[in-house]
Structure formats: structure tokens, C-alpha cells
Amino acid sequence: MNSIARIVLLVIIQSLLMRCTSSLAGSGSQTSNGLTILVKQRSITVYAQPGLVVDLLSSNYSSMSTESFRRTAIIGEDSVLTFEDLNSDSFYRLLAFSPDSLTGIHAPDLFPENNADTVIKYDSLLQTTTIEGNVADTVNISDYRLKSVLLRNTPFVAQIKSPYRFTMKHVPQGKYALDVVMSPIHESWGRQIENSMVIETKTDTTIVNIDISR
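One rule links them: number in the numbering used here = place in the sequence shown (from 1) + 4.
Honestly, the hints are just simulated from the structure, not real lab data. All of these numbers come straight from a predicted model, not from anything done at the bench. Do not take every clue at face value.
List time: in silico DSBU-like cross-link candidates among lysine-lysine, alpha-carbon distance up to 35 Å [stated by the list, open to error]: (1) K179 with K165; (2) K165 with K125; (3) K151 with K165; (4) K206 with K125; (5) K44 with K173; (6) K173 with K125; (7) K44 with K125; (8) K206 with K44; (9) K173 with K206; (10) K179 with K151; (11) K165 with K206; (12) K151 with K173; (13) K179 with K206; (14) K179 with K125; (15) K44 with K179.
Label pairs and their in silico Cβ distance ranges [unchecked claim]: (16) K125 with I211: 46 to 52 Å; (17) N213 with D121: 38 to 44 Å; (18) S152 with T40: 30 to 36 Å; (19) E204 with S105: 41 to 47 Å; (20) P54 with D215: 42 to 48 Å.
Each residue gets a CB set at the ideal place from its N, CA and C atoms; glycine is no exception.
Please take these sequences and the hints and turn them into a complete structure.
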């Protein structure tokens, strides 16, 4: 093989190597939209792109309880967010959203115990869903003061509107306990959970039909 042929061969090899490297870099960039959770003793750290909104909730979270735990923060330019001084005897739920809330992650049952570190990796954020529901008119809803539906231990709440329908937007995919909460008009305090069910959200729209009987 003469020198000219060798030079041509080297150029071809270098070109192929550059294409392979470019392809690998592109493949890796697809996972940059994902999220990694590191659960350690009394702390939970989230690694993700800057701008991601993260909600950390205690397993008993309720917007109506002063004893439940909730911290909300935005991933900074260093792509790292750490929640510290957590209770090592409690479970936590993590919700993460893109800035437009169109994609997100639901990570339940995070346990910052003493024994071992846990790494949970999501290659990409998933499309959030809209939950649309109907409450069957087997009960006279006008007899009730509070007319709402909530996903238990999350911030997601929707009002039941006429005719007995509700809509809940931008919910990360996952399994949730759904509660229908209504307070009878003749009671002056408290709330009453009339119906509970477990639902699993899907990629586009999740339809829920609820039948409440006396």
C-alpha cells in the first residue's frame, strides 16, 4: 500500500470514528432529560436538569394537616438538589415536573433509613396525564358542603362541578389512592370521605367513574 492510499484509509477511519462518537453523544443526551434520586441516611438528593420543579411530601401529607411535611424547590444550575434532616423512620413521596408541567415523575415510598443508600434512576420524564371523572348521582350531592376529589397524600385536588364531573391536570403517571371528600351540610365541622379507590394514571387521559351510595 503506497503512502497516498494509507492517508486516504486513515481519513476514512477517522471519519467513521467521529460519526460513532457523535452517535454515542446523541444517545446519551436523550437521558439528560431524566432524573436520578439518591436516598441516603436522613437525606434525599435529586440530580436533574436545571429548572425542574421538585415536590417532596411525607407519606401522610395532607393540605389540611399542620403535621404533614412538604418541601418544594427548583433544581439549580448545578443540577443537584438535596433535602436534608429528614426523618429516617418515615416514607416520602417525590413529584418532579418540567417547567411547563407537561412531563414529570412520581416516585413513591422513598425511605431515608440508616442501613443503605438507594439509587433510583429514570431515563426520561414521562408525559403527565389529565384525570377526568364522573361522580354517579346515586347520592344527592347538593346535600353536601365540600365537593372535591383528591389524590391522597399529594397536592392534587379538584372540585366536583355540575353535572357531577371533575378534572385534574398535569398528574405524573403512577398509582394513587383517590378520595371523594364531602361534608354533609347538617354538620358544622370536619370532613367525611365518602368513597376511596385506587387508580393508575395513563399517558393521555385517565377516565374515572365513581359511584357513591348512602
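These are the hints, each one checked on the structure:
At roughly 24 Å between alpha-carbon atoms, K179 and K165 fall within 35 Å of each other, so this suggested pair holds. For the suggested pair K165 and K125, the alpha carbons sit about 39 Å apart, so the restraint of at most 35 Å is broken. A threshold of 35 Å between alpha carbons decides the hint, and for K151 with K165 the separation of about 8 Å falls inside it, so the pair holds. Distance check on the hinted pair: K206 and K125 sit about 20 Å apart at the alpha-carbon level, within 35 Å; holds.
Taking the CA atoms of K44 and K173, the gap is about 32 Å. The hint holds against a cut of 35 Å. Under the criterion of a C-alpha separation no larger than 35 Å, the hint pairing K173 with K125 is consistent with the structure, at around 25 Å. The straight-line distance between the Cα atoms of K44 and K125 is roughly 15 Å, inside the 35 Å bound, and the hint therefore holds. Of the pairs offered as hints, the one joining K206 and K44 holds, with about 31 Å between alpha carbons and a cut-off of 35 Å not exceeded.
Taking the CA atoms of K173 and K206, the gap is about 12 Å. The hint holds against a cut of 35 Å. Annotation: proposed proximity of K179 to K151 holds, straight-line Cα distance about 23 Å (limit 35 Å). For the hint linking K165 to K206, the alpha-carbon distance of about 23 Å falls within 35 Å, and the restraint holds. A distance of roughly 17 Å separates the Cα atoms of K151 and K173; the hinted pair therefore holds under the 35 Å criterion.
Between the alpha carbons of K179 and K206 the distance comes to roughly 10 Å, so the proposed pair stays at or under 35 Å and holds. Distance restraint check for K179 and K125: the Cα-Cα separation of roughly 18 Å lies within the 35 Å cut-off, and the hinted pair is therefore satisfied. For the suggested pair K44 and K179, the alpha carbons sit about 24 Å apart, so the restraint of at most 35 Å is met. Distance hint for K125 and I211: a CB-CB separation of about 31 Å, inconsistent with the stated range 46 to 52 Å.
Here the CB-CB span from N213 to D121 is close to 42 Å, well matched to the stated 38 to 44 Å. Checked against the hint of 30 to 36 Å, the C-beta distance between S152 and T40 comes to roughly 35 Å, which is consistent with it. A C-beta distance of roughly 20 Å is found between E204 and S105, which places it outside the suggested range of 41 to 47 Å. A hinted range of 42 to 48 Å for the beta carbons of P54 and D215 is consistent with their spacing of about 45 Å.
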